[in-house]
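For the sequence shown, the working numbering assigns the number 2 to the initial residue and increments by one for each residue that follows.
Just to be clear, a hint being listed does not mean it is correct.
Straight-line C-alpha distance at most 25 Å; calculated BS3-like pairs for lysine-lysine [to be verified]: (1) K181 <-> K13; (2) K177 <-> K113; (3) K13 <-> K83.
No wet-lab data here; the hints were simulated from the structure. Note that this is a predicted model, so its numbers are computed, not measured.
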Amino acid sequence: MKHLLGIDELSKDDIEHYLDRAAYYHRALMEGKWDHGKLGAKLIMHLFFEHSTRTLTSFEIAAKRLGADVVNWNPESSSLAKGENFTDTIDTLSSMKPDAIVLRHADYGAPKFVAARSGCSVINGGDSWREHPTQALLDALTMKQHFGKLEGLNVTIVGDIAHSRVASSNMQLLHKVGAKVRVVAPKVLMPESLPFKEIEAFEDLAEGINGADVVMTLRLQKERMDTALISTDAEYFNRYGLTLNMLNHHAPNAVVMDPGPLVRGVQMEDALTEDPERSLIHKQVANGIPTRMAVLDMLVGD
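Take the sequences, apply the hints, and build the full model.
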């Protein structure tokens with residue numbers, strides 16, 4: 002049984018295979034030519050225990066583009082509201098024989114637990130602050146499209162590194178493909194350790210983005226932190242909010258990315274968010290569909 006539970010389980014070759022297939026589907030969508038029945042008669046079940054716009058919607062579109070049937074299960078209207086526990090819910094849904102489960106859950110390692118109990122492919126749509134593998138893949142696809150490569154790129158990730166599953170997966174993927182990774186955050190939002198010794202950590206924004214090719218901002222994961230860690234959004238923006246002026250001064254050739262949701266006026270100024278030359282944010286969102294088509298094809302397709 003094939004799963005996608007985290008970037009930590011993938012080799013460099015695995016990552017390149019996913020990116021090659023995602024690039025194929027990107028071209029196919031642009032040309033309107035792909036196998037619309039690739040996943041015909043397959044059933045994809047989405048179990049999202051946390052709110053989502055980009056991930057859930059793009060997974061649904063990806064599945065339907067490939068001809069699969071989709072079930073969007075809602076925890077708020079399920080038997081969980083009547084007291085059923087998580088394990089029994091998973092066993093019940095697995096007994097209905099979906100071909101794949103896409104899971105988002107607040108518990109660390111929940112997709113691995115589901116993969117061990119279900120008889121179908123399990124795809125991690127984000128678990129706690131551990132991993133968000135398809136986001137890292139689509140981010141990598143976006144960078145590769147823009148620069149033509151990943152190896153040797155200087156990528157700086159700015160924001161709540163300690164609580165971000167996006168940061169976790171991106172650090173692992175980018176390191177594995179040979180990019181140079183730096184992270185920038187206030188001390189209270191920096192993890193005690195980073196996954197690889199080669200990743201550099203900075204508290205000063207200007208120093209951390211100096212010479213970067215890509216600056217990726219992250220929102221404050223307030224649902225996973227003590228609110229006392231950051232007193233106000235304005236205070237955070239004054240120290241770590243990215244501006245066009247700062248980017249032009251310290252990283253004049255850099256593009257900006259953000260996995261969303263983007264909280265305006267906190268991660269970066271609006272002028273930079275909307276800059277058609279510097280911002281790849283909308284391309285990131287669009288790349289969610291071919292990337293997730295690739296994942297579904299490789300894990301569920303015959």
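Taking the hints in turn, this is what the structure says about them:
Between the alpha carbons of K181 and K13 the distance comes to roughly 15 Å, so the proposed pair stays at or under 25 Å and holds. Among the hinted pairs, K177 with K113 is consistent with the structure: their alpha-carbon atoms are about 22 Å apart, no more than 25 Å. The suggested pairing of K13 with K83 is violated, with an alpha-carbon distance near 44 Å, which exceeds 25 Å.
Checked against the numbered hints above, the structure violates only hint 3.
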